[in-house]
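Novice: Now for the letters of each chain:
Protein chains: 2
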Amino acid sequence: MNSVTSDIRGDSDISVLLNPKSIAIVGASEDIKKFGGRIVHYLLKHRFPGEIYLINPKSSEIFGRKTYPSLDAVSGSPEVVLIAASKPHVLAAVESAGKLGAKVLVIVSNGYADAGDREAEETLVTVAHSYGMRIVGPNVMGYSSPANGLAMMASHVMNVDKLQDGNVGIISQSGGVLSALMDFFVQHGCGMSHTFPTGNQADLDFCDFANMMIDDPATQVICTYVEGIKSPERFNQVARRVQAAGKPWLMMKSGRTEAGMEAAFSHTASLASSHAAFANICRDNGIVLLEDFEALVTATLLMSRHPKAKVDKLAVLSPSGGSCVMTADLFSDYDLPLVEFSASTHKKLAGYFPAGVVNPIDTGIAIKDPIVGSCGPSAEVVSKDPNVDLLLGVISTCPDVRLVTQLIADGAGNKPCLLVIQPAAMADSARAYLRDNAIPYTDSLHTAIRVIKALRDANLATGRDEAVRPEGCSLPSSLPQGVMDEQTTKALLKAYGIRTNAGLLSTNADEAQKSAANLICPLVLKVASPDIVHKADVGGVMLNISSPEAMGEAVRKMQATLARTAPNARIEGFLVQEQVSGLAEVMIGVQQDALFGPMVMVGAGGSLVELLADVATATAPISLADAERMLNTLKISTILHGTRGQPPLDIGTVADVICRVSWLAHDLSGQLLELDINPLFVAEDGKGAVAVDARALMVSD
Amino acid sequence: MNSVTSDIRGDSDISVLLNPKSIAIVGASEDIKKFGGRIVHYLLKHRFPGEIYLINPKSSEIFGRKTYPSLDAVSGSPEVVLIAASKPHVLAAVESAGKLGAKVLVIVSNGYADAGDREAEETLVTVAHSYGMRIVGPNVMGYSSPANGLAMMASHVMNVDKLQDGNVGIISQSGGVLSALMDFFVQHGCGMSHTFPTGNQADLDFCDFANMMIDDPATQVICTYVEGIKSPERFNQVARRVQAAGKPWLMMKSGRTEAGMEAAFSHTASLASSHAAFANICRDNGIVLLEDFEALVTATLLMSRHPKAKVDKLAVLSPSGGSCVMTADLFSDYDLPLVEFSASTHKKLAGYFPAGVVNPIDTGIAIKDPIVGSCGPSAEVVSKDPNVDLLLGVISTCPDVRLVTQLIADGAGNKPCLLVIQPAAMADSARAYLRDNAIPYTDSLHTAIRVIKALRDANLATGRDEAVRPEGCSLPSSLPQGVMDEQTTKALLKAYGIRTNAGLLSTNADEAQKSAANLICPLVLKVASPDIVHKADVGGVMLNISSPEAMGEAVRKMQATLARTAPNARIEGFLVQEQVSGLAEVMIGVQQDALFGPMVMVGAGGSLVELLADVATATAPISLADAERMLNTLKISTILHGTRGQPPLDIGTVADVICRVSWLAHDLSGQLLELDINPLFVAEDGKGAVAVDARALMVSD
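Here the protein sequences line up with chains R and H, keeping their order.
With this note's numbering, the residue at position 152 of the first sequence is 152, and numbering never jumps.
With this note's numbering, the residue at position 379 of the second sequence is 379, and numbering never jumps.
Same shape as in the complex, but just chain R:
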């Protein structure tokens, strides 16, 4: 892992952020309307145990503490210096901090890249680096380390009696979202280790903070809000490190859709990039992608309580039959299984319920005393079933909501348990009980289901195999430029060992007839013209040509047709090809992503492309095994595996083609903007696959 170590240069230094011995606040104030005021206020309120130097040139005392007129007047050596001064005073403070031997700067001041002034921001970084210092920010509201009693953050969420320390580390690319997360976790009794907003990320960025969290023993669960990443390579490395460390990583990513990216553009001006590529890296590395705030916080509560939980097999318990039905409906909507209980569990449940009780369990049908007599014991029995990974308790209105909630939560013991609290005010004491005991719950059944779905999907992450270059993949000596027609694209595919249907370009009917004599009938005739995109529409495709003579005749007929339907098109010639058919059509493509580079994608081909919108995407290159996994995620995989009366198709060859295309994309990274094989005809297992049509777009000089 040399590359990672070298890449996270300064890691040993920045870890002082987590537990500094001494800090200095430049721009300290008593005015809590100012950032420097709120930060000092909270820092003192929560009794930071290390040395604090308050810098303010105008007052000699702040909140009863001595101040220094400038950093230069400080005799000690603060490890972390927070700068909340106005922009004109920042650079001088950076210099002074450097001279004092500070290790990391936290720059709260704004007006840098956030206001379009990238130059001033770069200057800060250059100067800081010249002293060996790293920077958090600028334009950041500070950060907090509840694990170490450090409340150096200008957010209302610091306005609590006691910082709540625990195992959740938060990194957020939005200060507002960070505050909302912390507010929620405090309310739910979920403790935090460290919480970092990223600010402008002039120097330290999202991945640096993630690396810190990975190495920090106090952090067992990583909760993140992401708007954009700067380097896919580093993100990939961090993702692998997190997975290796066995720490659950929960993430909400905004700007997943085109509409979202549009809304984000004015907000972050980050590079528009493919969410598919991003989601792919997350999926490969077991990062749990949640689609909104409620899902993120609920998943975090659950994983904070059970950091080692593997959510796969699910049991449901509810005091209401109606809620059991609703839950079963939603399980079905989200394709989640209701686990079958073991025989021993069934035997135990028979003591409390009429015969044949199944998952989800309606505790209301208990033989006697539906509340005390069934909620607790059944939660306990089900939780002890080795088939069950997680117990979902759905609490509806019932005579004693608080008691039922407590009995189910306590009955679960150490087994992961998530509760849904459906009643409103009537369940407030139940909620209080759960919060007091840091037991994860949500008011929304729908959110609970989405969380379970996301956690379960992430469990299935297998990581990616190393991509090995298949034999016979090498770039031709001269590469085409710009738009590549079918012939040229197929030549490139052939150079990468991909089978295409044999074809010859002829300029007239006699030549076409001679070409046909060297090919196996039936044949296809296609016009070759830079001006005709949809050949079939103008009569530029003829199928089922059964002899060389018929081919000559076909060319003459097509010439006559085109003279009428496309009189101005430049005709370069007539493509004579062996006609191929297959039992399925697949599309394989390449796209150059602005951030992630070459991406390979595969999906249903032919007319199904738009209809099914059934596409799997991966960064190139990929291994044969991963290519096969991609295929298996597709709806058309049922056809590929052989459906009702149809034989299994040659999935191995399709995976091989995907793999070869991914190496082509890799080798031409930055040059091959688009490639589209559609269709690839797939034959029975063992009988291969043939690229029948293809086109590509290369950069031009």
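Keep in mind that the hints were calculated from the coordinates and are not lab data.
It is possible that part of the hints are untrue.
You can't tell identical chains apart in this list, so a pair holds if it fits in one copy or across any two.
[To be verified] Derived DSS-like pairs: lysine-lysine, alpha-carbon spacing no greater than 30 Å straight-line:
1. K368 x K33
2. K99 x K347
3. K87 x K368
4. K348 x K310
5. K453 x K635
Given the structure of chain R, go ahead and fit chain H onto it with the hints provided.
Specialist: Chain H only, in chain R's frame:
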């Protein structure tokens, strides 16, 4: 609407439930652990203004009020009699109530159909009807009419200082869900007119209560929880009446999926029926189907505040850029449009925001004072835009959450406005403000989006046109039984004017050759055998046969093949058909639903059936216009309308075939269990559609 009036016989009588002048409680008690105790307790607590007769043979006084030993001792004439006595005493009480001239009985007592004793339940109904009385229940917890100060319900939700009357009427097939709904509405300041649990529905059922709500002027919004309905015809009638009355009808239906129905089975033992059919009736009549509890309550809050709201064009406002992005992502996920503001709105917004501000509006980017200076004014400007139907305010953490919330809510004025409150404890005062002012909000952005989606979809409801029988649809004189093969099924289709490809059954090669001479080549040859289901798998289908001679040859070849591949199959003959092809394949089917009767369905055909799972369903018969609407909801409608370079196809003929099939299904209601036309080949517009394969299943004697 004669049929409706006659169907809701007793309607004039049962409306006394809403505002009775006098009531009697049989089984009245001071013990609030008992139903009869709680009901009397709440009835007195909320000061029911009418006459109350408390019946208890064992005590002369309850809560300081005089009691009667039995109904027979009552000299007055209570309009509504609630019976909470134990089962052995119920029948006598029904008789006594009848003699007193009571109009409606509310039977709280249980142990009837709920415990398998349908006979005792039927006896209650018979006796009640003999006195002209109707029954609510049995096994019901009473009901409430906040509009009339009547709290005759044994639920904890009655344990409030003051009943909250308002415009929402609730009908629930689960007492637990009813309590949860009422608890929620009370907390959110949303008033109710009448709230009915349905109990066992021995006499009065869901549709009767719905009819009462339609006729009741105090009820403007109908909120319902449904597990199952008894009569689709009555449900259909009620749905049409609600739509005609212009009262929004919000509904959660449990048991939407197979898993849900399985879970429901033990709970309600109601008839397993197609949710598709049910959802169809709801969609046609503008009933808003919500998929879970949170969505139901949020939609009800919104419609209670704005009963006439038409949710179509949406604007979003948030103090956080991050929340704008998340919202735009979810809008995209749910295919909801972000409205374009009018020029005049843009002009007004320019006073508060930098140039180019768009929907969703991030009020944080305001030119000055992002809170007071932008939240209020922009909410007001946007709400006045005639392009905007509903304002969605998404509140994130910000310096003054309560103020921001209030400014946005108040800024919306009379325009429908839904708020999402994302922060936890930090936003509690904002929530209190909204509740105090009965302004609709939810904590979940996801729920808000799903509610908007459901309301918007319901807005698009058009109702159904009257189905008119097309010409040339008549049943043949003798009907087949059991499994119907292709030939027989096609004969039935032809009798309903549906084009099939001409074909003749031959027993040997010579006959087949003669048949071929009367048909247009190319031809298809198919084996006819009751033992061969998938003909192609055993070589039982041959295509592209170009002459009568080739047909003879083909039959001999097929005979040889089948002797090898299906040696034991009984060969009835060889089907010689004209070969047809089309530009798209459609599947049209019929299924007999246990509750809704014959249903017609249409979807993508051929190999796409399973792949796309793209099916529209309707109860038969349907009109041509509705058949076309069904087609337009399908994914393949893009192909039917002519996609990239392909001409538009003959949608008119496909709709005509659907319509004819629906009449066939209607005419054979209860007899035709299944019919499957797959594929129907569809040609270019004007060139028709042909049923190429079909099979059916009729009941056997």
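Novice: State for each hint whether it applies.
Specialist: How the hints compare with the structure:
For a Cα distance limit of 30 Å, the shortest separation of K368 from K33 across copies, 17 Å, qualifies, whereas the shortest one inside one copy, 60 Å, does not. For the identical chains of this complex, K99 and K347 are neighbours neither inside a copy (74 Å) nor across copies (52 Å), given an alpha-carbon limit of 30 Å. Taking the shortest alpha-carbon separations for K87 and K368, only the inter-copy value of 19 Å comes in at or below 30 Å, while the best intra-copy value is 72 Å. In this assembly of identical chains, K348 and K310 lie within 30 Å of each other by CA distance solely inside one copy; the values are 25 Å within and 53 Å between copies.
Taking the shortest alpha-carbon separations for K453 and K635, both the intra-copy value of 19 Å and the inter-copy value of 26 Å come in at or below 30 Å.
When held up to the earlier numbered hints, the structure conflicts with hint 2 and nothing else.
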